[in-house]
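Visitor: For reference, the chains in residue letters:
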Amino acid sequence: MTILYNCGTVLLMAGVLFFLSGTVGLLRFPDIYSRLHALTKADNVGLGCIVFGLALQSGSIAVTIKLILIWLLVLIASSASCHLIARSAMQKNIQPWTRS
Amino acid sequence: MNWLHTFFALILLLTIGAGVIRILKGPTAADRMMTAQLFGTCGVAILLLLSTGMNNLVLLDIALVFALLATLATLTFIRRTWQGSGKRKHDYPL
Amino acid sequence: MQNNSCSCKNNICSHPVQQTLLRFSLFSFLWYTLAGPDKTSWIIGIPAVAFATVLSQMLAPSSRLRISPVGALHFIPFFLRQSFLGGIDVMRRALSFRQLLNPGLVSYTTQLPEGSARIFFVNTISLLPGTLSAELHGNQVTIHTLDLSLSIWANIQRLEYHVAALMCISSPGKENI
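Chains as they are written, first to last, in the working numbering: chain F, 1 to 100; chain B, 1001 to 1094; chain E, 2001 to 2177.
Worth flagging that the hints you see were computed from the coordinates, not collected in a lab.
Glycine included, each C-beta is placed from N, C-alpha and C at the ideal position.
Mixed in with the good hints, there may be bad ones.
As the list claims (entries may be wrong) - Here are a few chain F residues that sit away from chain E, every Cβ distance over 12 Å (derived from the structure):
1. 2
2. 5
3. 44
4. 46
5. 56
6. 63
7. 98
Unchecked claim - Per the computed footprint, the stretches of chain B lying under chain F, defined by three or more beta-carbons under 8 Å from a beta-carbon of chain F, are:
8. 1008-1015
9. 1018-1031
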């Protein structure tokens, strides 16, 4: 029981770390496309870590299923809106930042 | 009240606070909208953490509604505000 | 589209009646998860589930949407692993002191048929490490990548193969695995 709980705590910490780095990326990255990368990927993985961490700590199947459902909803939604934002930016001819 | 979960939720709240810088700087409206999306995901995570920390399962339902509404806001913004109505070349079947 | 007949032998739910029953039980499960064990909630729940089943059959008929259970079993671990790697990748680039970005645009021609398979493919690209689907014109996907030196093509091809297996499409890129 306590082992599961501690594993959950580690996952929660990882999740918070992912959220932090997502926000750092959102502030640091040079253009809209790379910021989208930071936002979509880091936040979804962060939420996934938090969901699985809480699922381990709750020890209840009903709560676990509901948590995973919320995560799936956020996953679908954010990947769709990420694609929409990138596509509209392309149509508006916003050029991606390049190294040179 | 579980202090660990509340502490994690507090860090996430600070993350949201840092996101405000991106809203202030912009430069395009979509960058600002992306921060709104961050608020949505972070808000869901905070609610989930609090639901365990305060042992209140109702917060899970609130998180579900929160996730739905944040998405709708982004989609509506892209389709109606930023993209304009007549410029679409082909439809995106959602 | 008709040529893409199901190649999976282990697809257990190809009959329409079975499909409807499967969807009905899935939606019932969803309702149970959302509404909890209270029995009176089924007064609203049963009509809602029936309505959702009919609507989903109208919008995505079983002839057009086939999901192979075996494909799903392979897809879920692949997806979880890849999106976790994607998160790690972004974290590394965001937190390092040096600027690690080398972004650029890559074009990819997908062989997946039009419809749900292609949409699903385009949406999952954004969750893979370093890639983001920026535009879709017919079968041409424009991909924005954080680092041009990543092996983007191999990754995308693997994803395409997994999506084809998930959606029961006779797979276009099997020899790449």
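Visitor: Run every hint past the structure and note whether it holds.
Guide: Structure-based check of each hint:
Against chain E, the non-interface label of residue 2 of chain F holds: every CB pair exceeds 12 Å, the least being about 25 Å. Distance to chain E confirms residue 5 of chain F as a non-interface residue, since its nearest Cβ pair spans about 22 Å, more than 12 Å. The non-interface label for residue 44 of chain F is inconsistent with chain E: the shortest C-beta to C-beta separation is roughly 7 Å, within 12 Å. For residue 46 of chain F, the shortest C-beta to C-beta distance to chain E comes to about 7 Å, within the 12 Å cut-off, and the non-interface label is violated.
Under the 12 Å C-beta cut-off, the non-interface status given to residue 56 of chain F relative to chain E holds; the minimum distance is some 15 Å. Look at residue 63 of chain F: its CB is around 10 Å from the nearest CB on chain E, not clear of 12 Å, so calling it non-interface is violated. With a closest Cβ-Cβ approach of about 6 Å to chain E, residue 98 of chain F is found to fall inside the 12 Å limit, against its non-interface label. Here's how the segment 1008-1015 of chain B fares: 4 of its residues keep a CB closer than 8 Å to some CB of chain F, so the rule of at least three is met and the hint holds.
Note: the segment 1018-1031 of chain B has 7 residues with beta-carbon separation from chain F under 8 Å; the three-residue rule is met and the coverage holds.
Checked against the numbered hints given earlier, this structure breaks hints 3, 4, 6, 7; the rest are met.
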